[in-house]
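Trainee: Residues per chain are reported as follows:
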Amino acid sequence: MEVDRPIAIAFSLFLTLIIVIFFVAPRYNDFKDSQLRLGKIEAEYNSKNDYYTKVDKAFRDLQAKSDALTKVDNALPEKPSIADLIYFFQKKGEENGLVVKDLFLSKFSAQTQDSKIKEIVFSLDLLGSYASLKGFLSNLESSARIFEENSISLNLTLQGGAKAKSQPTPLEEQTYTFKLEVKTHSY
Amino acid sequence: MNFGIIYKLRDKRNWWVDVVFYFVISLLVALVICAFIFSIKTSFQEKAIKDFNKKLAEVGNEQQKEAEKQVFTYQKKINDFAQLLGNHKSALNIFSFFEQYTLPNVWFSKFGMDEKQSEVMLSGESEDMKSLSKQISAFEAQDSVKKIDLLNSSVSSSGRVNFNLNLSLDPKLFAFVPKPLTPAETPAVTEGPATVTPSENGEIPAENGGQNQGATKSNKKYITSFDFSLDGQEIAGSIDQTKYTVLVEVPSGTDVGNLSPAITLSPNAEVEPASLVSQDFTKPVVYTVTAEDLSAQGYTVTVIVAEPPVVKSSSSKAGIIAAVIFILIIAGGAAGVWFFWKKKKKETEY
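Going down the list, the protein sequences come from chains B and F. Residues in the first sequence are numbered from 97 upward in steps of one, following the working numbering. Residues in the second sequence are numbered from 41 upward in steps of one, following the working numbering.
FYI, nobody ran anything at the bench for these hints, they're computed from the structure. Heads up, the beta-carbon is just placed ideally off N, CA and C, and yes, glycines get one too. There could be a bad hint or two in this list.
[Stated by the list, open to error] Straight line, CA to CA, 20 Å or less: simulated EDC-like cross-link-like pairs of lysine to aspartate or glutamate: (1) F:Lys323 <-> B:Glu138; (2) B:Lys279 <-> B:Asp221; (3) B:Lys144 <-> F:Asp183; (4) B:Lys203 <-> B:Glu174; (5) B:Lys275 <-> B:Glu191; (6) F:Lys150 <-> B:Glu191; (7) F:Lys129 <-> B:Glu237; (8) B:Lys128 <-> F:Asp91; (9) B:Lys144 <-> F:Glu139; (10) B:Lys136 <-> F:Asp91; (11) F:Lys87 <-> B:Glu138; (12) F:Lys109 <-> F:Asp91; (13) F:Lys212 <-> F:Asp168; (14) F:Lys117 <-> B:Asp126; (15) F:Lys156 <-> B:Glu277; (16) F:Lys170 <-> F:Glu180; (17) F:Lys260 <-> F:Glu180; (18) F:Lys116 <-> B:Asp157; (19) F:Lys212 <-> F:Asp183; (20) B:Lys150 <-> B:Glu191; (21) F:Lys81 <-> B:Glu138; (22) F:Lys95 <-> B:Glu138; (23) F:Lys156 <-> B:Glu237; (24) F:Lys384 <-> B:Asp100; (25) B:Lys212 <-> F:Glu139; (26) F:Lys87 <-> B:Asp198; (27) B:Lys203 <-> F:Asp91; (28) F:Lys212 <-> F:Glu108.
[Unchecked claim] A partial selection of chain F residues facing chain B, derived with a Cβ cut-off under 10 Å: (29) Val57; (30) Lys257; (31) Phe268; (32) Ala276; (33) Ile279; (34) Trp378.
[What the hints assert, rightly or not] Restraint-style ranges between C-beta atoms, simulated for each label pair: (35) F:Glu387 <-> B:Ala121: 50 to 58 Å; (36) F:Asp168 <-> B:Ile178: 32 to 40 Å; (37) B:Ala121 <-> F:Phe63: 33 to 41 Å; (38) B:Phe118 <-> F:Val345: 44 to 52 Å; (39) B:Arg156 <-> F:Pro144: 54 to 62 Å; (40) F:Met161 <-> B:Ile213: 12 to 20 Å.
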């Protein structure tokens, strides 16, 4: 059977158009769409993978510096440990020859409104020599926790004062009353 | 409409009709193959997407998330610690100062220190007025002493001078500065919140010996502006100072592989990579800002390219043209079929 060429051409062109519109174009769009999605997901995977690689590396670095991290943990503990602090002040005062006459928690609140860090302020009344106070302050500063003295005042006691009237006694022999406001931090 | 030419084409066999015929058939076959290839490729890509989705689900597993949590917890903790250490004050400095500059014939009986005001109140006695005067001069000669007020002085019956002094001191005298912190040795992760700084050698000095006395240095390390200059147009980045991120949207068609940002920082801070140095922003870039006290903070800079504007008019024009061509072809095809059907009918009638 001979094909009627002009009609076949017209029909083929018509068919071509139909195929382009209903088959090729949608498949091309699907192809482009999936190509785009693949690119995005590949980028997402790569960036996530890079990110977690960095996290793993940072984690290993932190583990390698566990001693330093322990110091950070000690300096800024998760809990305020008020009882431990009171014991610490008593012990260090005693070790340095200071009598802890009075000790109370005067402030326990967040450092700033947005801050997670809490400020713990203790007021201490102490009795002892100037050298004892210096030893006590030195102990506070070399402690694993960060202590700071908001205010310090010292008064020569009457005994020492009386002596001082006639002839000032050597510094080591004088007895003072000290008032300290000591600040430390926790989460 | 003259359909005579179609009769002629039909009746008279022309070689180019064959060429056109085979070309059209080839085109048809090529289109079918194209559709097939697109389908195959799409299915491969869909498979690849599924694979990446599976891989994505595997990245960031429980263990990694736990590690991430710990890293960020310590990051925050170390930053807080560095900040506390940076602002740390020491009362022992004050005692050392007075021990150093107090004359032997002057005695103090009362001492009051207010760290916030950087003030010290002293009461005591001196051997004579001359000694007190010398003592005040000795304090005044020190740079750390900003101001001295002699509140009162009186000569006692023993001939000694009782006095009250108020000293305003330089706050630097109270300060401890931690060991320099170097971001280079720091485990730094940056996606949003970023960069941690332990100390120079990884040690965090908790002991007094690990702290250096000196001037207070700024710990401010902020990016205050992040701009690109593109074709004379300033594109400013949006800075999130809580997440430490910078987001910049550049116009469509911008080559983000080679952009030089202009960065401004907190006073005395430095940034690495430096300002106006070309960077590849096809991926997020981490800028590390180092403060004067050498503590550091990372900012993740992400540049996104704006979508090209959609030209509705041209797309609708193309749609209209396509529709017209489609209708013309349909109409031409229908007219041809009707014409040949009518002719065939006439031939059968004869």
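Trainee: None of the hints should be skipped; say for each whether it holds.
Mentor: Hints and how they fare:
{"no.": "1", "hint": "F:Lys323 <-> B:Glu138", "in the structure": "holds (13 Å)"}
{"no.": "2", "hint": "B:Lys279 <-> B:Asp221", "in the structure": "holds (15 Å)"}
{"no.": "3", "hint": "B:Lys144 <-> F:Asp183", "in the structure": "violated (55 Å)"}
{"no.": "4", "hint": "B:Lys203 <-> B:Glu174", "in the structure": "holds (17 Å)"}
{"no.": "5", "hint": "B:Lys275 <-> B:Glu191", "in the structure": "holds (18 Å)"}
{"no.": "6", "hint": "F:Lys150 <-> B:Glu191", "in the structure": "violated (24 Å)"}
{"no.": "7", "hint": "F:Lys129 <-> B:Glu237", "in the structure": "holds (10 Å)"}
{"no.": "8", "hint": "B:Lys128 <-> F:Asp91", "in the structure": "holds (18 Å)"}
{"no.": "9", "hint": "B:Lys144 <-> F:Glu139", "in the structure": "violated (59 Å)"}
{"no.": "10", "hint": "B:Lys136 <-> F:Asp91", "in the structure": "holds (13 Å)"}
{"no.": "11", "hint": "F:Lys87 <-> B:Glu138", "in the structure": "holds (13 Å)"}
{"no.": "12", "hint": "F:Lys109 <-> F:Asp91", "in the structure": "violated (27 Å)"}
{"no.": "13", "hint": "F:Lys212 <-> F:Asp168", "in the structure": "violated (32 Å)"}
{"no.": "14", "hint": "F:Lys117 <-> B:Asp126", "in the structure": "violated (49 Å)"}
{"no.": "15", "hint": "F:Lys156 <-> B:Glu277", "in the structure": "holds (12 Å)"}
{"no.": "16", "hint": "F:Lys170 <-> F:Glu180", "in the structure": "holds (15 Å)"}
{"no.": "17", "hint": "F:Lys260 <-> F:Glu180", "in the structure": "violated (32 Å)"}
{"no.": "18", "hint": "F:Lys116 <-> B:Asp157", "in the structure": "holds (16 Å)"}
{"no.": "19", "hint": "F:Lys212 <-> F:Asp183", "in the structure": "holds (11 Å)"}
{"no.": "20", "hint": "B:Lys150 <-> B:Glu191", "in the structure": "violated (47 Å)"}
{"no.": "21", "hint": "F:Lys81 <-> B:Glu138", "in the structure": "holds (17 Å)"}
{"no.": "22", "hint": "F:Lys95 <-> B:Glu138", "in the structure": "holds (10 Å)"}
{"no.": "23", "hint": "F:Lys156 <-> B:Glu237", "in the structure": "holds (18 Å)"}
{"no.": "24", "hint": "F:Lys384 <-> B:Asp100", "in the structure": "holds (13 Å)"}
{"no.": "25", "hint": "B:Lys212 <-> F:Glu139", "in the structure": "violated (39 Å)"}
{"no.": "26", "hint": "F:Lys87 <-> B:Asp198", "in the structure": "violated (75 Å)"}
{"no.": "27", "hint": "B:Lys203 <-> F:Asp91", "in the structure": "violated (57 Å)"}
{"no.": "28", "hint": "F:Lys212 <-> F:Glu108", "in the structure": "violated (38 Å)"}
{"no.": "29", "hint": "Val57", "in the structure": "holds (5 Å)"}
{"no.": "30", "hint": "Lys257", "in the structure": "violated (18 Å)"}
{"no.": "31", "hint": "Phe268", "in the structure": "violated (21 Å)"}
{"no.": "32", "hint": "Ala276", "in the structure": "violated (24 Å)"}
{"no.": "33", "hint": "Ile279", "in the structure": "violated (18 Å)"}
{"no.": "34", "hint": "Trp378", "in the structure": "violated (12 Å)"}
{"no.": "35", "hint": "F:Glu387 <-> B:Ala121: 50 to 58 Å", "in the structure": "violated (41 Å)"}
{"no.": "36", "hint": "F:Asp168 <-> B:Ile178: 32 to 40 Å", "in the structure": "violated (50 Å)"}
{"no.": "37", "hint": "B:Ala121 <-> F:Phe63: 33 to 41 Å", "in the structure": "violated (21 Å)"}
{"no.": "38", "hint": "B:Phe118 <-> F:Val345: 44 to 52 Å", "in the structure": "violated (34 Å)"}
{"no.": "39", "hint": "B:Arg156 <-> F:Pro144: 54 to 62 Å", "in the structure": "holds (59 Å)"}
{"no.": "40", "hint": "F:Met161 <-> B:Ile213: 12 to 20 Å", "in the structure": "violated (30 Å)"}
Comparing the model with each earlier hint shows violations of hints 3, 6, 9, 12, 13, 14, 17, 20, 25, 26, 27, 28, 30, 31, 32, 33, 34, 35, 36, 37, 38, 40; every other hint is respected.
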